[in-house]
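K.L.:
So the chains spell out like this:
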Amino acid sequence: MMTTALLTLDADYEAMRAIGPWLSEQVPAIGAPHLADRVGEFELAVHELAVNIVDHAFDDTTRPSATFDITMHCNDDNDLVVRFVDRGIAYDDADKPVIGDEPTIRGYGLFIVEQLAASIDYARSDDANHWTLVFSG
Amino acid sequence: MSLPTSSHEIRISTISIDGRLDAMRAVDLRQEIDDTIEQGVVRLIVDLSGADFVDSAGLAALAKGMKDCRGAGGDLRVVAAKNPDAARVFQLTRFDQVFRMADTAEDLVATW
Numbered sequence: 001m002m003t004t005a006l007l008t009l010d011a012d013y014e015a016m017r018a019i020g021p022w023l024s025e026q027v028p029a030i031g032a033p034h035l036a037d038r039v040g041e042f043e044l045a046v047h048e049l050a051v052n053i054v055d056h057a058f059d060d061t062t063r064p065s066a067t068f069d070i071t072m073h074c075n076d077d078n079d080l081v082v083r084f085v086d087r088g089i090a091y092d093d094a095d096k097p098v099i100g101d102e103p104t105i106r107g108y109g110l111f112i113v114e115q116l117a118a119s120i121d122y123a124r125s126d127d128a129n130h131w132t133l134v135f136s137g
Numbered sequence: 001m002s003l004p005t006s007s008h009e010i011r012i013s014t015i016s017i018d019g020r021l022d023a024m025r026a027v028d029l030r031q032e033i034d035d036t037i038e039q040g041v042v043r044l045i046v047d048l049s050g051a052d053f054v055d056s057a058g059l060a061a062l063a064k065g066m067k068d069c070r071g072a073g074g075d076l077r078v079v080a081a082k083n084p085d086a087a088r089v090f091q092l093t094r095f096d097q098v099f100r101m102a103d104t105a106e107d108l109v110a111t112w
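Top to bottom, those sequences are chains A and E.
Take the first sequence: its position 25, counted from the start at 1, is 25 in my numbering, and no numbers get skipped.
Take the second sequence: its position 107, counted from the start at 1, is 107 in my numbering, and no numbers get skipped.
For the record, the hints were derived by calculation from the structure and aren't laboratory data.
The C-beta atom is built at its ideal place from N, Cα and C for all residues, glycine as well.
Careful, some of the hints might be misleading.
Per the computed footprint, the stretches of chain A lying under chain E, defined by three or more beta-carbons under 8 Å from a beta-carbon of chain E, are [claimed, not checked]:
hint, segment
1, 61 to 69
2, 110 to 124
Partial list, computed: chain E residues near chain A (C-beta under 8 Å) [claimed, not checked]:
hint, residue
3, Asp85
4, Ala87
5, Val89
6, Val109
Work out the full structure: start from the sequences and follow the hints.
P.N.:
If you want it as structure tokens, here you go:
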């Protein structure tokens with residue numbers, strides 16, 4: 001039996017503070033107690049992707065009433081799978097900053113996610129953005 | 001016979017961050033850094049020893065502050081976070097090699 005945890009967040013920065021406590025509570029509850037000591041790294045990755053959604057999927061008109069969903073489960077390989085669904089503006093890969101050797105000031109969010117997650121996938125379907133992060137178990 | 005002497009006063013301000021330095025709090029930090037520079041203090045220490053979470057927005061606020069301080073002839077230096085969850089973002093982005101960092105503010109002041 002697969003257990004899935006769901007978190008619905010308002011599209012604002014303050015709401016992002018619910019992610020850490022949610023992960024701490026739900027990672028063991030979904031059958032992934034072996035990953036409980038890695039909640040800190042999961043939080044940073046999930047937080048960065050969520051902030052990216054707040055910043056880029058919505059604008060000043062839509063953001064005040066917008067929400068998006070995060071679900072997570074543990075797959076058969078004992079990996080942690082975290083999915084994000086928002087009904088905002090489609091993600092444009094061309095907007096992604098290039099991180100080089102020279103330190104830049106903005107744009108580290110997705111770079112950090114890529115460092116922490118084993119994989120990161122994006123798809124646009126049914127007028128929604130679907131992001132999937134997998135963290136190796 | 002007395003020898004001529006001179007003294008130089010260096011002003012260093014320290015901003016301490018406890019708890020979270022995230023997208024929400026980064027706005028306040030940026031403002032505090034701007035205000036401090038406007039007051040003529042361009043040597044800043046941001047003490048993260050009590051921080052338990054730092055994200056890329058917090059990092060960006062620090063990096064912008066460092067750029068502004070250096071542009072004005074000073075620097076922004078960082079007391080390293082003790083909590084590994086707060087230190088992680090510096091290691092992942094290699095900003096731990098960009099900022100001058102130490103374990104205490106005293107160590108940073110001593111080398112100024």
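K.L.:
Against this structure, judge whether each hint is valid.
P.N.:
These are the hints, each one checked on the structure:
1. With a cut-off of 8 Å between beta carbons, the segment 61 to 69 of chain A has 0 residues touching chain E; three or more are needed, and the interface restraint is violated.
2. Counting residues of the segment 110 to 124 of chain A whose beta-carbon sits less than 8 Å from any beta-carbon of chain E gives 4, enough to reach three: the coverage restraint holds.
3. Given hint, aspartate 85 of chain E at the interface with chain A, holds; its Cβ is 4 Å from that chain's nearest Cβ, closer than 8 Å.
4. For alanine 87 of chain E, the interface hint is violated, the least distance from its beta-carbon to any beta-carbon of chain A being 10 Å, above 8 Å.
5. Below 8 Å, beta-carbon pairs count as interface contacts, and valine 89 of chain E has one with chain A at about 6 Å; its hint therefore holds.
6. Among the interface hints, the one on valine 109 of chain E is violated; its C-beta lies about 24 Å from the nearest C-beta in chain A, farther than the 8 Å criterion.
In summary, the numbered hints that this structure violates are 1, 4, 6.
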